[in-house]
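Sequences listed follow chains L and B, in order. The number in our numbering is simply the position in the first sequence, starting from 1, with 42 added. The number in our numbering is simply the position in the second sequence, starting from 1, with 42 added.
Heads up, a few of these hints could be off.
Okay, the calculated beta carbon distance ranges per label pair [stated by the list, open to error]:
(1) B:Leu231 x L:Gln186: 25 to 31 Å
(2) B:His161 x L:Asn48: 36 to 42 Å
(3) B:Ser157 x L:Gly225: 25 to 31 Å
(4) L:Asp58 x B:Gln221: 26 to 32 Å
(5) L:Glu209 x B:Leu231: 34 to 40 Å
(6) B:Lys222 x L:Ser60: 35 to 41 Å
(7) B:Lys91 x L:Lys202: 43 to 49 Å
(8) B:Ser157 x L:Lys202: 36 to 42 Å
(9) B:Thr135 x L:Ala153: 34 to 40 Å
(10) L:Gly225 x B:Tyr53: 48 to 54 Å
(11) L:His139 x B:Asp144: 27 to 33 Å
(12) L:Glu226 x B:Leu51: 50 to 56 Å
(13) B:Asn211 x L:Lys92: 50 to 56 Å
(14) L:Asn124 x B:Tyr53: 19 to 25 Å
Per the computed footprint, the stretches of chain L lying under chain B, defined by three or more beta-carbons under 8 Å from a beta-carbon of chain B, are [said to hold, decoys possible]:
(15) 75 to 86
(16) 98 to 108
(17) 111 to 117
(18) 144 to 158
In case anyone wonders, no lab produced these hints; they're calculated from the structure. All C-beta atoms, glycine included, are put in the ideal place defined by N, C-alpha and C.
There are 2 protein chains.
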Amino acid sequence: MDKLKNYILTYGNAKDTSVLKVDSFLNHQIDVTLMEEIGDDFAQYFQHKKITKVLTIETSGIAPAMMVALKLKVPLVFLKKNVSKIHNQDLYTTKVHSFTKDIDYELSCNALFLSNEDHVLFIDDFLANGEACLGAMRILDQAQATLEGVGIVIEKSFQKGRSLIEEKNIDIYSLARIQKLDGEAIEFL
Amino acid sequence: MDKLKNYILTYGNAKDTSVLKVDSFLNHQIDVTLMEEIGDDFAQYFQHKKITKVLTIETSGIAPAMMVALKLKVPLVFLKKNVSKIHNQDLYTTKVHSFTKDIDYELSCNALFLSNEDHVLFIDDFLANGEACLGAMRILDQAQATLEGVGIVIEKSFQKGRSLIEEKNIDIYSLARIQKLDGEAIEFL
């Protein structure tokens with residue numbers, strides 16, 4: 043998606059060889075016209091699948107996933123990190139490691155919101171080592187829901203996430219695939 | 043907003059006299075057509091203000107705030123809870139107490155995304171004791187930005203949040219105002 047790549051080149055900040063900051067348009071301040079085009083692009087790519095729900099993970103996945111769900115006219119479910127004390131009903135849960143923050147966290151989903159009748163499109167802002175996406179897939183397994191595809195806004199293609207997902211024969215579609223981060227330089231695949 | 047009130051009556055769960063769970067359409071699973079109407083309603087109410095940015099707080103504020111920002115065609119900024127280690131630039135920060143979760147947390151915003159030229163509409167999913175909204179107002183004070191209004195999806199009118207905001211002469215508009223929660227019963231103002 044050319045507009046997204048231009049935003050990354052113009053406003054992105056490659057802190058080092060692994061961290062790309064896109065706080066000014068994707069995950070702190072959000073450019074709504076870009077989000078709308080992202081929603082359109084994902085919805086068009088996955089329109090032939092019979093998607094019943096869009097799934098993402100709080101926090102940064104919500105804005106792009108919201109736009110996809112709006113276009114596909116299906117509910118959005120976001121997985122929660124940690125478990126708040128007022129959510130003590132039946133939950134699907136799984137532990138995930140974040141390499142970016144070097145912490146473990148728990149993903150959870152109220153069992154009411156995913157079932158074996160659901161055909162799910164998982165959307166996230168970043169794909170790096172694939173830990174978050176694999177965690178979401180474990181939640182979907184617990185729900186016996188069908189994962190129809192994975193849509194990623196920015197893929198760090200030099201990390202192993204894509205290959206781990208492709209190994210499971212999941213259709214993965216990324217709007218921008220980054221081959222290399224090197225201080226100021228950002229190279230796309 | 044009648045549709046929202048119907049959703050609250052049909053799908054909401056009054057756990058006790060203070061906690062209302064709306065996980066099935068607002069803050070875990072999200073009904074996108076309801077969100078779109080919420081965005082339209084807020085945008086219409088605040089359209090005469092010269093809003094330059096919509097502001098909310100992660101996580102549950104993002105979906106409704108996103109729809110408002112989309113309608114007003116301005117950027118959305120969401121305040122972060124806690125500070126991640128890859129955000130070490132100039133920050134506005136303030137401490138907030140959550141009565142629901144009985145914890146203190148820190149709200150923060152990259153200083154690049156709010157300035158003294160901004161005219162801000164603050165949107166949140168709930169208003170109860172007003173702690174989160176007052177925290178956002180302290181962040182806006184640090185940025186010397188102008189708060190043009192507060193839009194709340196569900197207001198617990200039996201708690202003190204509204205009066206604390208009105209004391210500051212801020213225009214506050216809530217889509218559903220709840221007068222009383224009592225086990226199963228939910229009464230609107």
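- Query: Checked against the structure, which of the hints given earlier come out wrong?
  - Reply: Per hint list: 1, 2, 4, 5 and 6 violated.
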